[in-house]
Each structure stands twice: as structure tokens, then as C-alpha cells.
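In the order they appear, the protein sequences are chains E and P. With my numbering applied, the first sequence corresponds to residues 1 to 661, in that order. With my numbering applied, the second sequence corresponds to residues 1 to 661, in that order.
For the record, the hints were derived by calculation from the structure and aren't laboratory data. Each hint should be verified, as a subset may be incorrect.
[What the hints assert, rightly or not] 20 angstroms max Cα-Cα, derived DMTMM-like pairs, lysine to aspartate or glutamate: (1) P:Lys623 - E:Asp272; (2) E:Lys635 - P:Glu551; (3) E:Lys129 - E:Asp257; (4) P:Lys635 - E:Asp558; (5) E:Lys129 - E:Glu280.
2 protein chains.
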Amino acid sequence: MATDTAAPTPTGYVQPEIDVPALTALLDGRYAQVRDLVRANLTEYASILVDAEELSMSDFRERVKEVVVEMAATGQTGMGFPEEYGGGGDIGASVAAFETLAYGDLSVLVKVGVQFGLFGGAILQLGTKHHHDAYLADLITGKLMGCFAMTETGHGSNVQALGTVATYDAEAQEFVITTTTEEARKDYIGNAAEHAELAVVFAQLEVGPESGRASQGVHAFVVPIRVDGEPAPGVRIEDDGLKMGLNGVDNGRIWFDQVRVPRTALLNRFADVTAEGTYESPIENPNRRFFTMLGTLVQGRVCVGGGGINAAKVALAIATRYAVRRRQFEATSDEHEELLLDYGMHQRRLLPLIARTYALHFAQEVVAGQLHDVFSGTHAPGAEDDQARRELESRAAGTKALGTWHATRTIQECREACGGAGYLSVNRFAALKADSDIFTTFEGDNHVLLQLVAKGLLTDYASEFEDLDQLGMVRFVTGLAVETVIERTSVHKLLERVRDLLPSGDEWDQEAGLLDPDYQLAMLRFREEHMLAGVARRLKRGIDQDLNPGEVFSLVQDHVIAAAHAHVERLVLEAFVDKTRSLPDGDLKVALNLLCDLFALSTIEADRAWFMEHGRLTVPRSKAISREVSSLCRKIRPLAVPLVDAWAIPPEMLRSPDLVG
Amino acid sequence: MATDTAAPTPTGYVQPEIDVPALTALLDGRYAQVRDLVRANLTEYASILVDAEELSMSDFRERVKEVVVEMAATGQTGMGFPEEYGGGGDIGASVAAFETLAYGDLSVLVKVGVQFGLFGGAILQLGTKHHHDAYLADLITGKLMGCFAMTETGHGSNVQALGTVATYDAEAQEFVITTTTEEARKDYIGNAAEHAELAVVFAQLEVGPESGRASQGVHAFVVPIRVDGEPAPGVRIEDDGLKMGLNGVDNGRIWFDQVRVPRTALLNRFADVTAEGTYESPIENPNRRFFTMLGTLVQGRVCVGGGGINAAKVALAIATRYAVRRRQFEATSDEHEELLLDYGMHQRRLLPLIARTYALHFAQEVVAGQLHDVFSGTHAPGAEDDQARRELESRAAGTKALGTWHATRTIQECREACGGAGYLSVNRFAALKADSDIFTTFEGDNHVLLQLVAKGLLTDYASEFEDLDQLGMVRFVTGLAVETVIERTSVHKLLERVRDLLPSGDEWDQEAGLLDPDYQLAMLRFREEHMLAGVARRLKRGIDQDLNPGEVFSLVQDHVIAAAHAHVERLVLEAFVDKTRSLPDGDLKVALNLLCDLFALSTIEADRAWFMEHGRLTVPRSKAISREVSSLCRKIRPLAVPLVDAWAIPPEMLRSPDLVG
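So that you can see chain E by itself, here it is in the shape it has in the complex (with noise of 0.2 angstroms):
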């Protein structure tokens, strides 16, 4: 492990040496070759991050648009599409490629991400062949440009209460859809304001004769929204205007007034209206109808995760970079000042993120595995599927929510370390932070991902209670008997499992053990398991008392929040250690283990408050991890440099010339 020109410290400590290419290696994983060609991309477009900030917002719109084109025609961008339509037919390659490009300009990649992910993606997953035929080839070039008019203005998160209706016409055999209130308009919606011609429109069905209409939930349809550039007859469109980021991507409002589209516009993979206008679904239960339409559109939340993880990789890169160069204040000598890099507190800043960052890039390659295998078709039809599909589900917004709110974190804390350079934008920091910012909201806020995850949890993704709301969430778990939620989340075994790891059973005062990646897990474990039986019997206690149940779940609410966000940094951890687990002996090996560490400790460090009300820290241990965790940072500090040139950012991606020069 240790190499021939490093001396081994008394404590037998060797301080490893990364081999950078052998490290990027690993992290581009087996779409080296799709990350290497969005590299290239990248840098022959290196432009478009100097354009974002001379160009008008309207030129920069255009722009924006001519590079996703010009990408798409590299293949790029349709890797996900089926072969027959001049799609790469392979979806893991598709979201490294999305992650990739988040290395550049994010309004790019967002474009792509509304064209190719949420337009694209409805019409190939909600569609049939059909609709295939009539607009895959041509989306995937870009020639066909749409939209997906999903969220309202007064429904964002709660599609299933959106307010657009799309009633049947039996006699014209045509949907009719409507914005029946002002909150119902569309908002927010990409390549609505100047360049989609389509929109895929999420509305309420309505069938029936108007004497006895039927409300079947809300479906998507093909709209025409724009005519030769115009709008088309009863669409209104308007812009949103300017954004706090991502002005190359043109968003808008749209009401539709009476818009009569054909029968054949419902996208009918999952139910169908017959020409006579009865409705028609293999999928009887309307609530599970509803969520598994939705759960054929959860590529878009893996990409934005692994978009977040990687915008936050390029913030890094730069204040790391800056940390080794820049020098402030007299410390160890009164003959020059100190690198950044060398205070201990620079070091606390950077240096958990980056390990944060790798935790998260391993977390994020098992989903994007897993959307890969559900969505290939590799997994058995059938219960089992259903049963991969929702774990998928679960864990893509868990993903997602980390890694989003990681950017922003990182990002933010890149800027305040590279102090007043920082401000200026040709330092990167300012279009990533505008950005990257709303990532925490699209694709789904991140508190409501987290509730969905916690749903999951209680109902042990139980099939009969997948599609349960907030409120049917408290009357379920309050139904149950609180055991049965506590014996299956299993935390007496848990409690077990983690006192047999540490020999001295609860006199858990020595600091043996804080290295061993089964106790992290361990605590991480018990941790999750805690908190949702907590839940669970808060919940209950609540009903007893004869609450509401919006009530109870409003005095639960950050309980359930944090419950998930404990489990899903619980998988984060798993996918580190398994990742480390899996190498070689040698130097990657003992620098990855100290930063799989770091990133645990740290972990707990950050909720030790927690670990000691819940008797599974002791005061001692708690100060020890806090000593490890600075003792861990002063080890990986000569590794900082090569750890972030690993991630492979083209350095045009990087510009900050007086930063990383």
C-alpha cells in the first residue's frame, strides 16, 4: 500500500499517493467513453459560459438553443432513446452524459434536460408507438422542439390537484383543455416562452356526457402550442421573464381557452379513451394509475442529482485550487504568510465537502445503475419489478434532495472561501450559484421528495399504500398497530447489532472502532431506524389524542423530514464503503478509506446532538469523533489537489484564470 518514496510516520501512518488518471478512471465508471465525449463537447463550447454573461437574454435564448442542437447532433443527448428512432438505446449513458455536461454551462443543461428528459421523456414513456412514430426522431435531433406543462402556478409539488381539464368531446372525437382558474395556469415551464411547438399537458380527464362527466385524474396530452412560431388558436403564452439563473432557458406561463386536440393526443400507455368516450385502463386503482405515470418520469430526478453532485465537483475544483496558491496572514513564520489550505479551519471548510462530493458521486452511480437496470428491462416482470421500481423511486428523490442541497451548500462555501475573487463572474462562482439554486426546487422540492421517501419507508413500499397521500399517510400508519411498524423497521436488532460491534458494549468511551466502517454504518443504521419508529409512534400518539391528522403530521413533520434524510445518507454511506470495499489494495484504496471516513464521521459529527440524546454516543466518543474528524482533514489535505483533479472538469470549465491558474 504504501509507495517506495513515502516514509512511513511513527504510528506507521503512510501517506498514500494518487495516481489522478487511475482515479478519474474509477469515478467515470464504464461510460468513461460517453463522459469523454461531453468533455469534448464541453470544451469545443467552452464559449456559451462567456455568452451567458454578454449576450442579451433573449440572444443568449437562442444561442443556448443552437448548442443544444449542435450537441445533439454528436449523439449526445438522445442516448437514451430507443436505436430505431436514432437514439443510443442505452439509458445509464444517458445520465452520465447529463452529468457530465453539468460541468459546464447549466442553462445548456437544463435545456437539454427539459427537451430531451421531461418532453422526450413523456412521449417515450407515456406514449405509444403511435406517438413514437410521429415525434422521437424528430426530438432527438432537436428539429422538434417541446415542452412538459406539468406544474401549475398554485400546484407545484401536488400534481394530483392541478386545475387544467381536459374533457372529452365523444361527438369530435377531441379532448377540450381548459385553464379553468387563475392558479391553474401553467407556469414555470421550459421552451414554453419562445421555442416549443408541443407541449405534453398534464390535466384532469374528464369522460362521460355532460349530465353525468366523470373525473378520471390527471393525464398528459399532446398540444400544439405554438404555430409557425405563433401561438396556436386558444393557447395563450406568456414569459416568465428574468430568473435569478438559467436565462438561456426560455420559461413561460401558458392558459389554454377551449383547445381542441384529437383523440389519438392522450398519451395512452397507461389508460385510453375510446372513440365513443369510454375510459380504459390495465391499471384500475386511479391513485396507483396516477403514480405509476409518474414513476415513468423519474430519470429526471436522477439527472438533476447527478447534475447538483457535479455542479458542486466544479465549486470545489476552483476554491481547492485557490486554497494551494493563495497566501494570507504570517502564521508559521514572520517570512511568509500561510497557504489557505494549511489553516485548519480552510481545511474543516473544503476538505468534508470533498469527501461529501464522493460520497455522493458513488450514492449517485448506484441509482443511475439501478434507473439503468429497472428501465432496460433487466429485472423480472411482476411484483419484483414493481417492488425495484419503487425502491428506485424512493431513492432517486433521496438522491436527488441530497445532492441538490449539497450544490447550493458547496457552492456557497466555495464563493466565501475564495473570498472578493469569488464575486466576480469570471470566476465561475457566480453562474453556478444562480444556477444551480433551483435545483433544490424542480423536479420536485426537496422537503416533499423526503416526505415521499418517508411514505416508503412506513409503508414498507407496501403496494396497496404506494399512492398515499399526506393526509392518507397519517391514517395509515395510525391504523396500524405501532409494533408492526417498529418490529419491521427491526430497531431492537438494530440496537443489538451495534453494541455487539463495539466490545465494551455501552461503555463506548475508548475511541477503537471510529475507523471501522461497520460501526459508522452501524450508527447511521440505528439512527434511521430510530427516527422512523419514532415517527410511527408519534403519529399513532397523536390520532389517540384524538387529533386531526393534518394536525398530527404538522407537529411530525420535521420528525419525518429528518427521518428520511437519515435513511438516505445511510444509503450514501453504504454505496461509499461498498465502492472502497471493492478495490484493490493500494494508495486509491487507503485515500479513499480516509476520505469514506471523513465523509462518516463527519456525518455524525454534524448530528452528534442527536447520537448522545439517543444514548449512542457518550460525551467522550463524541469529542473523539470531533478530534478525528480535524485529524482526518490535516491527512487528506496533501491529497486535496489530486482528489479534485480526478473529477476531470475541462479546465475551460473552470475559467477563474487568477484562481487556478
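With the hints as your guide, set chain P onto chain E.
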């Protein structure tokens, strides 16, 4: 205390009602009239918020300059200058005016700060009658624009190390100003890129014959940098270009190539050079001289802290009003969706931030009052005055750090709490976030400022040590008997006091006392003193182990900063408690007591790990604090809108037609 309409609950708690104008009057304090003038001016020039989005950078800079000059004509920006030059002669009023201006466009705020605070303040505080007569009248009207050229690319916070040199040429009776290296270029200088005619330049003064030239440390000089709009001979100016925000301020870089200015260009209040080239100063110690000069500029920090706090208010006012309009998901009934602010999580996100904003507001009132007193000469001169100045500097540094971090955090949380709508520029968060981001860095990087605070605490502001840098601080502290520091910080006495407050001694298991401000203050005092003593011990131990002082400092740095942070938080709580105690009985007092409790307990909750680790919180009591925080949130929920309305932010400054409506 109870109004007639409010029915007491079974526990005797009566929901208070807030008289909004009365609360506004309380918050505005003695400068209500000044604040109202600024509010009127903000409304008058409200279109600047749109200009910020629509104009080119160059046009926007011109527009901001115009607005600043027109506001100057109302007397708003000159309140701190002597009346004989056209100023208002009231320092407290000038701070109040500046703070209130932060409700509007922050480029205008920062341009005002650069012109009247930094440039004007340096002329006023470092210059003498000659300079006052020459410049003050014209700079107060904005006819004469100037900049404050302190920061260099290679030296941000470490001003003493800057590289620009001013050499005295006795023959010509001139100073020769030179940028010695590329690192020594002046950078990020507001007003430099386009508008400033003059610069106050900070440079190392060198005096004496060429053979034996002596450096006298950093001094300030008035240097013409532009003549008829063109750079003066020997002066090179470069535009810093586009920034993350504040693009109405023309930041730039300046290089000096043997630029000659007359001997009278030295701002000579604290030191002078005779015609023959003899250096003279009433302050013998060069370090003390330097810090005395810098100390006169403390108003800038006081102003930026207040600006940050008021920017946070704008964000909270929008997010709070949105949260009582916007519904999301069915929760308490199947009939309608729930208001955001009725969710426990949403209360947890916004209400502690409102409480902290109130706390910081009152802390800011204290530091602004101290500033006024010290600079209005109401203190006795001499040693007492010195002590007051040092305490003011420390408090200004600390309040600036906490106030600006609070702004960054609050604006981000509020943006996220408004979801996608928060991302549209019309809804204010885009500008608020981008423009305020640099507040944590300029006028002193927050981490560096907290080190300054810690230094003052560790040395007890002993005048002979006030001028110690990091290295000096380590050497000084480790040269003391640790016992001296501990004795001084009186940890033991505090420990006893905390115990006395709790009837059951160390058995802190009941909730009694949680809402006692003396308990809350004792907790924060204990934390502060314990951390300080710990820092002293660790510094000492490091030196005893023969480590390099710089290494010791690096190891202890996060502890140093935590101690300073704890100190400032205690001062903030004291300010809030003092204010509430001064109020007559009534609903306002009840409401502010709730808010003060929420601030105190959410602050303790956030650091409850530390309190448990140091034996000041038992697990049951820690959990009780978390429950109490949630309970306080529910009590404050009905008061949220009046609490933000009382800030009396002009509606035009909120914009956000769809959010606050």
C-alpha cells in the same frame, strides 16, 4: 395584557395581539424620522429595482450614480458629516439612514457606502482641516466622487502586509506612489472603474534618504486617479467586469506607476512627514498607530451589519406573506389544501429566522448607539475612551459577521420556501441573493473578523496587546499562565451562577426555567467563557509540546472562531433581553418575549451537542428545549404577519405581485 377578544387557553396562555404601528415605532427608535425619509426616497426611486434587470451594466451604473446623487440632495446620505460642510452632524442618524436604504436596491446602498462611508469617512477621519476644506462639501453632494483603495489582489484581510509603496521625495516634497508587484494592484475597488476622480490610497510609507529608507507602515494618501474622465498619468485602471451582483457599482483595479502627489496628500491626522522628510506621529507604536487609523473607519462595519439584517427582513417579509396565501396538499381536511405556514416544518424554517432578525436588530441598535457615542465624543477622552473604542470595534466586527451570515442564510431559506416563484427576478430574491452575497466578505471577511473578536477577548483588550496579529496572539497567550486567562474569564464563577439558577442543581431534568431569560443568558455566557478558557488551554498546551505557534493556531482556529461566535451571540441575546425588559407590560411585551425565547432556545438547540458535551444539558432537558422551540413556533405563527409588517418595508420594495398580493 390580554385583549378582550382573546380567550385564555386552559393553560392560561393568552394570544397577544400586535399593534403594528407601535411595534414599528419601537423598532425605528429615535431615528424614526430619518428612516421615514429614506422610505420615502426608496419609494420615489422604486424603478431602480427594474432598472437593475433591464439596463446594460454600463447604463445601470450611470443610473445608480444619478440616484445616489439625487438622494444626497435630500440630505439622506450626508447625515454623519459635520454641519459646517453641509452634513447633518449626527452619526447615529447616518447609520439609521444607511440601514433603511438596505430595503431597496443594494447597488445604491453599496455605492452610498463607498462614496460617503469609505471615501468620505477616510477623508473625515484620517484627514485634517486642509482635507476637509478641500473635499468634504463636494463629496457630500456627490459632485466629487471618490474611492477607497485599500484592498489588493494578494492582500484582502491582511492590510498590514499590502504591497503598494509611497516613497517621500524630500527634494520635490512629493510622495511617489507605486504598485510594486502584480499582487499589489488595488482590486475590487468600488467607484474605481468609472466614476472616481480621487482615491484614498493605502500604501507603505517610506521615508528617509535612499540609502537608509525606513518603512513607517501603512498610511493613506489622496491620489487623483482620473482627470476629465481619463486615468491620470501613471495610473492604470481596469474594470473588474461583471460580478455576481451589485452591478450598479463600478468595481475596478488600479495600478500606480510612480504617481507623484504633494506632501499634503498624506491624510495626516495620526502621522505626518515634515517638508524635510522627518516622520512624526503622536502614536509611537507603529502597530497601535495602524490600528488606531483603521479603528476610525469602524462605521463601515456597523453599517454593513445593519444592511445585512435589513436585507434579511425583505426576504422574510415576502416569504412570510407568501406562506399565509399559498396552499399545498390536503392535510387537515379533504376539502382544501393547507396554508404553508400551518405546516410545522414551514414554521420551523421561517419563525426562528424572524426571531433572530429581531434579536440582531436590537443588537445592531446597541452597536450603532455605541458608535454614535464614541464618535460624537460623549465619552470622556483618555483611557476610558480607548477602552470604549476597542469594545466598539469588537462589537462592530462581531455584529457585522453574524448579521451578514444571517442575511445569506435567511435569503436562501426564504427563496427555497417560495419554491419556483422565488426564482423569478420579479420576486426579489434573485437580486437580494446576488447583491448581498459579498456582505460576508467585504468590510472584513467574517472569519477574520471573528478572530479579531477572539483576540480582544483573550487579551481582555489590554492596550499593549491590541495590535497583535495571529502569530503575536499565539505568542502572547501562550506566554501567559493559562490560569490568568481562566481567572479572567471567570469560568468557575459562571458555573456557580448557572447552577444557582437551576433549583435542582445538576439534575436539570425538568422544563422549569427554560423560559427564564437569566437561565438562557447564563447558558450562553457559560458557553462563551468555557470556550475561551479552552482556547487558551489548547494554545498553551500546543506550545508546551514545542509545536510551531502557527501550527498551534491552525489546530485551534475553529475553536477560536467558535468562541468569538459564542461571545457575539451572547451579546445579541443580551440586547434582546434588555429591550424586552425595558418594555411596559402589554401585548407587545408578551409578543417580543415569545420571540426572544424562540431566539434564545433555538440558539441553544442549534448548539445543544456542545452543551451536552460540556455537562450543561441533560438529554431530557435537551429534548425539552426542542419541544419548546416547536411550541413557541406554534404560538408565534398567528403573529408572523404583524411581526414582518412592523418592519415597514415600502411595498414597492417587496415587488412580488403574485406572492405578497
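Tested hints:
Proximity of P:Lys623 to E:Asp272 is assessed by CA-CA distance (about 53 angstroms); at most 20 angstroms being required, the pair is judged violated. In summary, the hint linking E:Lys635 to P:Glu551 is supported, as the alpha carbons are separated by about 14 angstroms, within the 20 angstroms threshold. A distance of roughly 29 angstroms separates the Cα atoms of E:Lys129 and E:Asp257; the hinted pair therefore is violated under the 20 angstroms criterion. Distance restraint check for P:Lys635 and E:Asp558: the Cα-Cα separation of roughly 17 angstroms lies within the 20 angstroms cut-off, and the hinted pair is therefore satisfied.
Annotation: proposed proximity of E:Lys129 to E:Glu280 holds, straight-line Cα distance about 18 angstroms (limit 20 angstroms).
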